[in-house]
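Since the structure of chain A is already known, use the hints to place chain B on it.
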Amino acid sequence: MSDESSPIETLSEIRDLMARSSRFLSLSGLSGVSAGIFALVGAAIAWYILHGAPLYITRENIFMLMLDAIGVLILSLTFGFYFTWRSSRRKGLPIWDSISRRMLANLFIPLITGGLFCLILIYRHAAELVAPATLIFYGLALLNASKYTVEDIRYLGILEIALGLMSCLMTNYNLIFWATGFGLLHIVYGTFIYYKYE
Amino acid sequence: MKDNIIKDLNKAFDHRIRLGIMSILAVNDHIDFSALKDLLNVTDGNLASHISALEKLSYIFVRKQFIGKKPNTSYQITMEGKSAFSDHLSALEKLIHNK
Numbered sequence: 009m010s011d012e013s014s015p016i017e018t019l020s021e022i023r024d025l026m027a028r029s030s031r032f033l034s035l036s037g038l039s040g041v042s043a044g045i046f047a048l049v050g051a052a053i054a055w056y057i058l059h060g061a062p063l064y065i066t067r068e069n070i071f072m073l074m075l076d077a078i079g080v081l082i083l084s085l086t087f088g089f090y091f092t093w094r095s096s097r098r099k100g101l102p103i104w105d106s107i108s109r110r111m112l113a114n115l116f117i118p119l120i121t122g123g124l125f126c127l128i129l130i131y132r133h134a135a136e137l138v139a140p141a142t143l144i145f146y147g148l149a150l151l152n153a154s155k156y157t158v159e160d161i162r163y164l165g166i167l168e169i170a171l172g173l174m175s176c177l178m179t180n181y182n183l184i185f186w187a188t189g190f191g192l193l194h195i196v197y198g199t200f201i202y203y204k205y206e
Numbered sequence: 043m044k045d046n047i048i049k050d051l052n053k054a055f056d057h058r059i060r061l062g063i064m065s066i067l068a069v070n071d072h073i074d075f076s077a078l079k080d081l082l083n084v085t086d087g088n089l090a091s092h093i094s095a096l097e098k099l100s101y102i103f104v105r106k107q108f109i110g111k112k113p114n115t116s117y118q119i120t121m122e123g124k125s126a127f128s129d130h131l132s133a134l135e136k137l138i139h140n141k
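Those protein sequence lines, which keep their order, are chains A and B. Numbering of the first sequence is given in the numbering used here, commencing with residue 9 and proceeding in unit increments. Numbering of the second sequence is given in the numbering used here, commencing with residue 43 and proceeding in unit increments.
Just chain A, same shape as in the assembly (with noise of 0.2 Å):
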């Protein structure tokens, strides 16, 4: 930014040391289209245990549906993984440094909250309200993580408490509320990302 430098270009490299301290950018739209795929499957196979069913948790289904959520999870964080890590790689940016640490402890803390706030909803016998919660905690996790990663994820974040909200209301529709948040907004925000930023 000495004299020799544009005011435009001085402003630019200002916005782009302003974002690049402050905000995770090497999040993949990848993440997010790989984690709606296992969604919709993980959907599909719940669909398949409760034969058709809405998705309440019963004593019978609930271990089917335990191992079916477990597998969505680990199998979405490890690719979600991936793809971050292979963006970070490409863009030349630290996968683990202050700023990504500052934004999965903001998202981690409330989807934590939200796993441990379903197991009471099972041990209090509200059973039917765990698919609308995890979609919730999820949004609200989103919506607070968007402060330090790339902000659109914001708005994700909105929309998958706004479902979590009508699916509290319309119980008997809670596995396509599911399936909508988690595997069709996944796949849609991804791609935006995707080609957004990549």
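Read the hints as simulated data drawn from the structure, not as lab findings. A portion of the hints provided could be inaccurate.
[What the hints assert, rightly or not] Taking lysine-lysine pairs in the BS3-like style, the calculated list, with each CA pair at most 27 Å apart, reads:
| hint | chain 1 | residue 1 | chain 2 | residue 2 |
| --- | --- | --- | --- | --- |
| 1 | A | K155 | B | K124 |
| 2 | B | K53 | B | K124 |
| 3 | B | K136 | B | K124 |
| 4 | B | K79 | B | K124 |
| 5 | B | K98 | B | K53 |
| 6 | B | K112 | B | K79 |
| 7 | B | K79 | B | K111 |
| 8 | A | K155 | B | K79 |
| 9 | B | K79 | A | K99 |
[What the hints assert, rightly or not] Derived coverage of chain A by chain B (criterion: at least 3 residues anywhere in the stretch with Cβ under 8 Å from a Cβ of chain B; other residues may be distant):
| hint | region |
| --- | --- |
| 10 | 24–37 |
| 11 | 99–106 |
These figures come from a predicted structure and were not determined experimentally. For glycine and all other residues, C-beta sits at the position ideal for the given N, C-alpha and C.
Relative to chain A, chain B alone:
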């Protein structure tokens, strides 16, 4: 007209590293030396000299604390620094609009 605007540009921010330090501190609560070094891609000595220049102007201040047993030095922007930086940005913007 243009000369007046150039007068508004802060001499302290003439150098790209000093302006870089201010840009980073404007959006972060505080940041430590090594993170600053990585972001700006400069050597220790170079960064230290620009930091002390900004410190002398009381645009930034040093926070020393311990994380466990390790001493950690981080930097924070002052109120003065914030307003000087935002004045500088407005002057740059005016310069663009008057071209």
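We went through each hint and held it up to the structure:
1. For a cut-off of 27 Å, the pair hint linking A/K155 to B/K124 stands: about 21 Å separates their Cα positions.
2. Taking the CA atoms of B/K53 and B/K124, the gap is near 15 Å; set against the 27 Å cutoff, the hint holds.
3. A hinted pair counts as satisfied when its Cα atoms are at most 27 Å apart, and B/K136 with B/K124 qualifies at roughly 18 Å.
4. For the suggested pair B/K79 and B/K124, the alpha carbons sit about 21 Å apart, so the restraint of at most 27 Å is met.
5. Taking the CA atoms of B/K98 and B/K53, the gap is about 14 Å. The hint holds against a cut of 27 Å.
6. Our distance criterion of 27 Å between C-alpha atoms is met by B/K112 and B/K79, whose separation comes to about 19 Å.
7. At most 27 Å may separate the alpha-carbon atoms for a hinted pair to count; B/K79 and B/K111 meet this at roughly 22 Å.
8. A hinted pair counts as satisfied when its Cα atoms are at most 27 Å apart, and A/K155 with B/K79 qualifies at roughly 23 Å.
9. Of the pairs offered as hints, the one joining B/K79 and A/K99 holds, with about 18 Å between alpha carbons and a cut-off of 27 Å not exceeded.
10. With a cut-off of 8 Å between beta carbons, the region 24–37 of chain A has 5 residues touching chain B; three or more are needed, and the interface restraint holds.
11. Check result for the region 99–106 of chain A against chain B: holds, 3 residues qualifying (beta carbon to beta carbon below 8 Å, three or more required).
Violated hints: none; the structure is consistent with every hint.
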